[in-house]
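Novice: Here's the letter readout for the chains.
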Amino acid sequence: MHIHFLDPYEPRQSPVHRLDGRVKLVLALGLILALSLLPTPSVKQAEILRIGMKYALLFFSLLLVSSVARLGARFLLKRSFLALPFVLAALPLMFIPKAGEVPLAQLGFLALYPQGVLRFTFLALKSWLAVQVAILMIATMPFPDLLQAMRAIGLPRLLVSMFSLTWRYLFVLADEALRLMRARAARRGDGLSGLKRLLWDAKVTGGMAASLLIRSFERADRIYFAMLARGYDGEIRAMPLPRLSPLEQAFLLTGLCLFVLFVLL
Amino acid sequence: MHHSIEVSDLKFSYPDGHIALQGISFRIAPGEKVALVGPNGAGKSTLLLHLNGLLRGEGQITVCGLPLTTENLARVRRMVGLVFQNPEDQLFSPTVFDDVAYGPIYQGLDEAEVRQRVAQALEAVGMSHYAERVSHHLSIGEKKRVAIACVLSMRPEVLILDEPTAGLDPRARRTLIRLLQDLDMTMLISTHDLPMARELLPRTLVMDEGRIVADGPTQDVLSDRPSLEAHGLLE
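Protein chains in written order, with the working numbering: chain A, 1 to 265; chain B, 1 to 235.
It is possible that part of the hints are untrue.
[Said to hold, decoys possible] Reference listing, derived: stretches of chain B covered by chain A, where coverage requires no fewer than 3 residues with Cβ under 8 Å from a Cβ of chain A:
id	stretch
1	13–21
2	44–54
3	104–117
4	132–143
5	165–174
Think of the hints as simulated: they come from the structure by calculation, not from any bench.
A quick note: this is a predicted structure, and the numbers were derived from the prediction, not measured.
Cβ coordinates follow ideal geometry from the N, Cα and C atoms, glycine included.
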């Protein structure tokens with residue numbers, strides 16, 4: 001019994017998948033940075049159109065990448081709705097006026113302001129597109145490659161190794177939790193229903209959380225022993241990574257230049 | 001000629017006061033394959049953890065002529081390959097390759113040598129095609145074999161395994177026994193699997209309550225029914 005659905009990687013044969021993980025990580029981070037630097041238009045039709053075009057261009061490019069990666073547009077769009085809850089945080093922007101602004105509409109005691117609506121809309125677009133970039137990145141590279149890429153761009157090794165261990169044992173922990181939940185279901189009996197059952201479940205869940213915590217502690221000890229047994233001395237070591245090929249370097253540079261142009265033009 | 005493992009009067013109690021080892025002494029000659037049997041809680045795993053210095057008790061331990069001291073710890077760990085009971089704890093890296101390469105990398109070997117060691121170790125356990133796989137997605141039998149490869153890649157002098165056949169289905173068990181048969185090394189294997197001990201390991205140590213209560217040729221030790229009965233080894 002294993003939990004597989006946590007793994008967001010989608011193995012396919014595609015040029016996007018074959019591209020070196022380091023190039024993908026830097027390009028994805030660069031694109032998200034470029035995206036966040038895009039200005040919000042003021043309430044002029046020409047400006048809204050000009051900046052809106054950039055967002056549209058980016059959106060269609062992402063769809064294109066997704067289909068080149070053989071994931072398809074639907075895959076990307078379906079997952080991108082993960083961004084929705086984050087967008088809610090920006091909702092109040094719509095109701096904040098700029099000096100001397102006339103309300104667009106009145107909703108009960110709240111007034112909608114045009115500049116606020118624009119700011120909200122473009123912020124929502126930004127986060128929605130940024131999430132798509134991230135989804136494309138992790139769907140086209142296995143997690144170990146992502147870890148290597150993080151190491152290559154200079155993230156502290158300790159941090160990368162913490163990500164690595166978390167990733168490795170997340171599955172194990174999830175499996176353990178699943179087994180505990182099954183055991184809970186097996187002992188629940190038929191007598192309970194409604195609120196009583198909910199309370200009973202809640203009580204047992206508390207115990208489960210404690211048990212998972214203690215098991216994780218013990219496991220951490222055993223893993224540390226296993227690391228020591230193979231020579232771990234407090235320093236995190238890894239094999240050197242191969243150099244990027246000239247083609248990959250050129251691709252990376254071109255991509256980054258395009259992003260700069262994208263923001264400036 | 002020194003012994004591969006020499007333990008004399010080893011005593012250990014856990015921080016909570018539980019006495020796990022009460023004066024253990026034995027020797028294992030180079031090339032010997034030895035079974036360590038005994039009921040749960042006899043102190044088998046505790047003893048194995050002492051043999052490469054993960055736990056430190058009172059008494060003398062000498063590995064390949066080298067006394068186990070804090071200064072020698074790194075060298076002793078290089079000579080004693082310890083395979084844990086639960087492979088999940090031993091396979092802590094993102095991929096099979098990373099795990100098998102872990103030991104050699106910490107031995108300070110260069111990249112080509114590391115790759116060669118990994119290839120040989122995976123070959124020895126019949127897992128050559130699994131290098132890029134994620135450990136979590138392997139079966140228990142495959143995980144156990146990779147865990148052995150993790151230790152073989154360090155080229156140890158002595159191989160120590162804790163319950164290698166526990167939890168395996170008959171075919172995986174058979175594969176593992178064949179694999180261990182083919183490895184020409186000094187071995188100490190803690191196990192409840194008495195048929196495996198009979199088949200694979202010419203000598204048997206019996207442990208109970210932190211002591212060694214029998215030591216001799218496997219056939220003799222395992223046919224002494226009253227003794228086995230007394231130490232909870234008969235069904």
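Novice: Compare the structure with each hint and give your call.
Specialist: Evaluated hints:
As drawn, the stretch 13–21 of chain B meets chain A at 0 residues by the rule of a beta-carbon pair under 8 Å; below three, the given contact is violated. By the rule of at least three residues with a Cβ nearer than 8 Å to a Cβ of chain A, the coverage given for the stretch 44–54 of chain B holds, with 3 such residues. Against chain A, the stretch 104–117 of chain B contributes 5 residues with a C-beta closer than 8 Å to a partner C-beta. That satisfies the three-residue criterion, and the hint holds. With 4 residues having a Cβ less than 8 Å from any Cβ of chain A, the stretch 132–143 of chain B passes the three-residue criterion, so the hint holds.
With a threshold of 8 Å between beta carbons, the proposed coverage of the stretch 165–174 of chain B by chain A is violated, since 0 of its residues qualify and at least three are required.
Going down the numbered hints, you'll see the structure goes against 1 and 5, while the others check out.
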